[in-house]
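Protein chains in written order, with my numbering: chain R, 39 to 336; chain F, 937 to 1339; chain H, 6 to 373.
This list has only true hints and no planted wrong ones.
Stretch-level coverage of chain F by chain R, calculated; a stretch enters the list once three of its residues show a Cβ under 8 Å from a Cβ in chain R:
#1 1002-1008
#2 1155-1163
#3 1174-1183
#4 1202-1214
#5 1221-1227
Just so you know, these hints were derived from the structure itself, not from any lab.
Every residue, glycine too, gets a C-beta built ideally from N, C-alpha and C.
What follows is each chain in one-letter form.
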Amino acid sequence: MIVFLSHLINGLSLGSVYAIIALGYTMVYGIAKMLNFAHGDVIMVGGYISYILMFNLGMPWWVALLAAMLVCTLLGVLIEGFAYRPLRAAPSLAVLITAIGVSYLLQNSALLIWKSNPKSYPSIIEGSLMLIKGETASDSLSVTYISLMTVGACVIIMVGLTLFTSNTKMGKAMRACSEDKGAAQLMGINVNKTISVTFAIGSALAAVAGVLMCSSYPTLSPTTGSMPGIKAFTAAVFGGIGSIPGAFLGGLLIGLIESFAKAYVSTQLANTIVFAVLIIVLLIRPAGLLGKYVPEKV
Amino acid sequence: MKKFTKIIALVLCFALIAAFAACAKDGGSETAAPAGDETAAPAGDETAAPAADGEAFKIGLVGPLTGPAAIYGNAAKNGAQIAVDEINAKGGIQFAYQAQDDEHDAEKSVNAYNTLVDWGMQALVGPITTTPAVAVSAEAANDRIFCLTPSASSTDVIDGKDNMFQVCFTDPNQGTASADYIAENLAGKSVAVIYRNDDAYSQGIRDTFVKEAEAKGIDVVYEGTFTDATSTDFSVQLTEAQSKNAEVVFLPIYYTPASVILKQAADMDYAPTFFGVDGMDGILTVEGFDTSLAEGVMLLTPFSADDPNAKDFVDAYQAAYGEVPNQFAADAYDAVYIIYQALQNAGCTPDMAAADICEALVAQMATITVDGLTGQGMTWDESGAVSKAPMAVVIKDGAYVTP
Amino acid sequence: MKKLQKSNLQSVSGSALPYIVVVAAFFIVTLLQKSGNLEQHMQGMLVPVCCYIVMALSLNLTVGIMGELSIGHAGFMSLGAFSGVVASQSLIDAVPNTALRLALSIACGACVAAVGGFLIGLPVLRLRGDYLAIVTLAFGEIIRDIITCLIVGHDKNGLHILFNFRGTKTVADLELVEGGLPIIKGAQGAIGTTKISSFGAGVILILIALFIILNFIKSRTGRAVIAIRDNRIAAESVGVEVMKNKMIAFVISTTLAGAAGALYGLNYTSLAADKFDFNKSILVLVFVVLGGLGNMLGSIISATVLTLLPEVLRGFDQYRMLIYAIVLILVMLATNSPKMKALLQKLLQDVKTLLFKAVPKRKSEGEV
Chain R
39 MIVFLSHLIN
49 GLSLGSVYAI
59 IALGYTMVYG
69 IAKMLNFAHG
79 DVIMVGGYIS
89 YILMFNLGMP
99 WWVALLAAML
109 VCTLLGVLIE
119 GFAYRPLRAA
129 PSLAVLITAI
139 GVSYLLQNSA
149 LLIWKSNPKS
159 YPSIIEGSLM
169 LIKGETASDS
179 LSVTYISLMT
189 VGACVIIMVG
199 LTLFTSNTKM
209 GKAMRACSED
219 KGAAQLMGIN
229 VNKTISVTFA
239 IGSALAAVAG
249 VLMCSSYPTL
259 SPTTGSMPGI
269 KAFTAAVFGG
279 IGSIPGAFLG
289 GLLIGLIESF
299 AKAYVSTQLA
309 NTIVFAVLII
319 VLLIRPAGLL
329 GKYVPEKV
Chain F
937 MKKFTKIIAL
947 VLCFALIAAF
957 AACAKDGGSE
967 TAAPAGDETA
977 APAGDETAAP
987 AADGEAFKIG
997 LVGPLTGPAA
1007 IYGNAAKNGA
1017 QIAVDEINAK
1027 GGIQFAYQAQ
1037 DDEHDAEKSV
1047 NAYNTLVDWG
1057 MQALVGPITT
1067 TPAVAVSAEA
1077 ANDRIFCLTP
1087 SASSTDVIDG
1097 KDNMFQVCFT
1107 DPNQGTASAD
1117 YIAENLAGKS
1127 VAVIYRNDDA
1137 YSQGIRDTFV
1147 KEAEAKGIDV
1157 VYEGTFTDAT
1167 STDFSVQLTE
1177 AQSKNAEVVF
1187 LPIYYTPASV
1197 ILKQAADMDY
1207 APTFFGVDGM
1217 DGILTVEGFD
1227 TSLAEGVMLL
1237 TPFSADDPNA
1247 KDFVDAYQAA
1257 YGEVPNQFAA
1267 DAYDAVYIIY
1277 QALQNAGCTP
1287 DMAAADICEA
1297 LVAQMATITV
1307 DGLTGQGMTW
1317 DESGAVSKAP
1327 MAVVIKDGAY
1337 VTP
Chain H
6 MKKLQKSNLQ
16 SVSGSALPYI
26 VVVAAFFIVT
36 LLQKSGNLEQ
46 HMQGMLVPVC
56 CYIVMALSLN
66 LTVGIMGELS
76 IGHAGFMSLG
86 AFSGVVASQS
96 LIDAVPNTAL
106 RLALSIACGA
116 CVAAVGGFLI
126 GLPVLRLRGD
136 YLAIVTLAFG
146 EIIRDIITCL
156 IVGHDKNGLH
166 ILFNFRGTKT
176 VADLELVEGG
186 LPIIKGAQGA
196 IGTTKISSFG
206 AGVILILIAL
216 FIILNFIKSR
226 TGRAVIAIRD
236 NRIAAESVGV
246 EVMKNKMIAF
256 VISTTLAGAA
266 GALYGLNYTS
276 LAADKFDFNK
286 SILVLVFVVL
296 GGLGNMLGSI
306 ISATVLTLLP
316 EVLRGFDQYR
326 MLIYAIVLIL
336 VMLATNSPKM
346 KALLQKLLQD
356 VKTLLFKAVP
366 KRKSEGEV
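Work the whole structure out from these sequences, hints included.
Here is the structure:
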């Protein structure tokens, strides 16, 4: 039972990281209708920026987090402006390839700047909370503060984003752009600005994800972002891409499935099981768990 | 659109022709000029320009300089560079040295190797990782070019090739040695193994370890695996190992995932004896890693950066690259010196053909004994495997101590 | 846009140009090789270039002709590669003739990939757009993981296959009898394969792939697939069977990918499953998109250029992949952004006038 509970906690913690990344993915997809493959690499950049500030310059973690968010926001807006904006009218495949190019660019720049040696990321909060005290270490159940913080941050971000998109003017503009860019423009919405803001938010979230992810899974290298990026993308599709609660739910479920598959089936095939579940869900609900199925208009 | 596609096709065509033109030899001037340029570029500013053709032996290195395995390739590249610089500074035999990237991919490694052959390489240090090493060794056996891999430790690398040698231990050797050590010094304790099963190195050591453990009566209570894609989170494996009361955790893996394991185990108050192999070496140098977490970790390693013999090398490496060298750097450094010594003993001259040098070196390897950073009195058998004694160390106060 | 693409495609498929280019390239390269003017580096690249060309052609059928984005194509290459290697290694004694063995192995790789394509096509082709993309990605990763778990060996009793579910089995568990040959060693992949691929076989495979694809496009099924791509609902309303036609195109595509994989696998003595990952699929997708959707000649050229590009850039050392990334982004921007297009066209015009003026000058230089 204790073992089961600790797997559950591990899964929730991993799932929350995926969920935060997936929220960024889903925001961008919902509005710009593009798969931003470079998102995972923005996470990596966020990780490095915060690492340098915290470890090399000895700043407190919240300063590092804010700085990483700032840098990533700028990076996101720059990428959008230079690489994606000129392709707004281009076929989606062209944008996809460009996004992959940006991903390679970020990874290889990181390799040149920060070298290939992985760094060990210092956790922003140490220690853990004892939930069940047992005789020995294997009888007791504890949860690290960083896991609690990740789950908390994930819920706050999800609620915040939902409120933001439904209540603020900018949020409404985002939803309008997501429905129909042409009509939104006719209504006086600045589509380019809206998309830029979306990228800014998505990238800031990536920075948060980067700091939390590296704190829980403390290794940082130029390729750190790519696998979580793919997993989070899976999570976003799982929950219904474009849907904010969907990304949250998808992320948590993918994390839980991965954790339990590793524990009870096979660590080898953990990824296979995650992807297999995704395929089954998509066959039953082609638009993901919480996605809206839009019938084709003739 | 249509017209535009045509234009693009045209541009691509030109690029193609240019690519072929750049690669095809242009008549007689093939060696001297490009060789000079190309060495200067990859080697950066560290080396003095190597002597012209026929005055220096051309040593090539193939390893992953970019991509996820880049850390191993770059360490080896830098380690070999220091050895080359030292040897060139001594006078006598001179080396021209060039490293090529293989991205830890068989296809790219053959390309990298062929690039070096075109350059006129006379002996190869590498490839650094196993899969590329197997692919390249087949080519090199065919071309008759002498190969000495610093770190590709699988027996598949040397099997059936007479001109392929290793500086590192073979995997079976390490697995057996680890099991023997645990049986002797940590007798009666239950053992868990966590290894990376999409990696030939890790899987190879685990296989022989488990076999030997069975023979020695070691109780292996849990085996956890992970892959490259899942090498950042070990909470599940550690929870399992803990719940099965494993007192020793054997980690036949590289130090990056090992650093994550140590940190996550500390977070969950799980403190068994961690036991590593040579891949664990380097854990104290991971930037940002809290070395107190590694307190009490045991490992079998041929190289220690704190070894007084290695001081000159470690200092030179730190001065040039700003980090403490790991075992890969030391292996590559030794590899260059082994080739140096064999060349000297065989009396080879740089104007000899690669195939002749290969035969001379292969003959030398059977008799040579080398004292290097990664082992005293290294000798080689016919298969190409090295014979040297592994050293067991314990980490205490952030340094290796012999127990 | 789509109409233009289609007319473009018809103009190309109508001509024999792709065949001519491939055959001409073959003769030029063979000539260079025979006269000793081709560096070993280039000679080593010939077979992989052929494999990537066939991969690009095959993916172009899925992405360009069928209009479905697949980002798991490397999975089929992997299926073909490993089954081809198994076939070749098992037949080493039975079929000593390497050319025949290569042909058989490629056929075997193609068949396995065809079966894989059919099984995966069943769920995948029901989905659309980005959902289809993610599922192909998922399948690519699943194939990779499953091959990582395989341990295969061959001895006189036949083929032994183990599925290494918990990662604790080894080659020793195959219990091969004396003289047996381990072929796939789980995570280590296929090690010790005898190299039998050749450039000639690669060119023949390209020609076969071209023949199959160009004729398929003109066939009844091919036209149906194009109709479905351009307007699925309209095609359905006139009685075109969507699932069946798409499935045929997809299976042809995966079969060719399997054949390319077998050729690739038999060109190296070691082959690891983790190399056929998401990045390799993307690599091939980049060939297709840069070469032009539906444009087979474009795929051939871009696969060649982009495979050679990182190799030609070796002199730039660690900046190589960075340059590759920048070139990729710039080419996409140049070919798709209206502003850049106009700029580029103007530039080309300038270059043209410049070139025509410069030609006589260059000649005189050559004479000196």
